[in-house]
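J.: Chains as they are written, first to last, in our numbering: chain E, 1 to 237; chain B, 1 to 237.
The hints are simulated quantities; they were obtained by calculation from the structure and are not laboratory data. Treat the hints loosely; a few may be bogus.
Where chains are identical, the list cannot tell them apart; a pair therefore holds if satisfied intra-copy or between any two copies.
Using 20 Å as the maximum straight-line C-alpha spacing, the simulated EDC-like pairs for lysine to aspartate or glutamate come out as follows [unchecked claim]: (1) 112 / 79; (2) 181 / 65; (3) 210 / 21; (4) 181 / 52; (5) 170 / 21; (6) 56 / 26; (7) 56 / 204; (8) 222 / 164; (9) 181 / 226; (10) 112 / 164; (11) 181 / 51; (12) 222 / 85; (13) 4 / 21; (14) 112 / 33; (15) 208 / 219.
There are 2 protein chains.
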Amino acid sequence: MEMKNLIIASTSTVHGSGYLEYLLDELALFFKDANTIVFIPYARPSGISHEDYTIKAREAFKKIDKNVMGIHEFENPIEAIQNAEAIFTGGGNTFVLLYQLYKNNLLEPLKKSVLKGTPYLGTSAGSNICGLTINTTNDMPIVYPPSFKALSFMPFNINPHYLDPIPNNKHMGETRETRIKEFHAYHTQPVIGLREGSWLQVTETSIKLKGPLTARVFEYNKTPYEIESGTELKDLR
Amino acid sequence: MEMKNLIIASTSTVHGSGYLEYLLDELALFFKDANTIVFIPYARPSGISHEDYTIKAREAFKKIDKNVMGIHEFENPIEAIQNAEAIFTGGGNTFVLLYQLYKNNLLEPLKKSVLKGTPYLGTSAGSNICGLTINTTNDMPIVYPPSFKALSFMPFNINPHYLDPIPNNKHMGETRETRIKEFHAYHTQPVIGLREGSWLQVTETSIKLKGPLTARVFEYNKTPYEIESGTELKDLR
């Protein structure tokens, strides 16, 4: 039986507060049975090193008395994932993250570990890889991963940092809504536009929207619609 | 000898004016020896069909008395490119565009045609593919092309629709400058951030910034800097 237990967050940081701060109360509960969290720093935001990124995560989790070990600190990263009490994959560049996971053969170990119940926190890029594919990331394709297929912990995709169209915007680049519409010219799975401050709480029987905001759901051939916090999404596919 | 002749524009449309309108005077001159322009509609903005997109391009070029033929209207697209008097690749999704060019084996014919002097206009996605790779596109990776390598008409990459960081922005998604910095953690070629209304005029001996605005240049391991319209970029690599 599957034992999934995930928090899939749009962002690590909401405006005006520290790294992971808005989620810490939730995370103290979520990670209550873990002393040490294995951190996957592969997404390297702004190109920072695995070491520096791990220090950042370590400082945040110190506030709720958790240790953090970067996966690059283990001799065998596959075993690190297999033996982890808890896993956190940070944000940054989704292409870089997925590339590195494929390179280190970590997709299958990650899947197995999460499906047997190891609590998993993802933020931004670390959340993107929980959907079916990374086809709906906002990130720049700075490296070429061997595939866009991701961990498929949910039967749909997400779009983190979801941004509403800005009224009277003079910039002619595509809006997020237009980009997702383009996605649906090629794929039929739903996409959840997760605004900053929102997350999905995923267990073996439920996928629930959490946080103070609504989210926007894009289903194939349907008008996009808003869902309230607390909405159950397990039947969305 | 190479006979390149390209206009590589950030956007097709500037705020408050019609499709290609801001460029039409320039294009009348640029395409003066062509009666018919072969249009590549593969990038499908908002997922519109090749037919509808071609109608849009046709209407714009009617104003300067040019015919437009969509490449999908030809029995043999490779021959269409080989025999074209002029080529225009429109914007939309860069991944979709490059995927379709690879699928139809059009990269090499396009290269050859442009290197023998066929005038080429690109806007947005149609400009992205003129750089070394599409690693610096803003678009969503909705399809998986067989490679990110592009036409390499210039020894660097561009970032079209370049957006400056917005002061006091509450959105925590990465700025364009941050994304390009992440790119330079993996690659050394320069990136030109082309603002809307700017274009590069490329010939066999020159690559010049045109239009009313400055552009932002990102070189590996250097502080980004602005260049004035008229700046010669042929030695940038």
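J.: Going through the numbered hints above, which ones does this structure break? Give me the numbers in ascending order.
T.: Numbers 2, 7, 10, 12, 13 - these are the hints that the structure violates, sorted from lowest upward.
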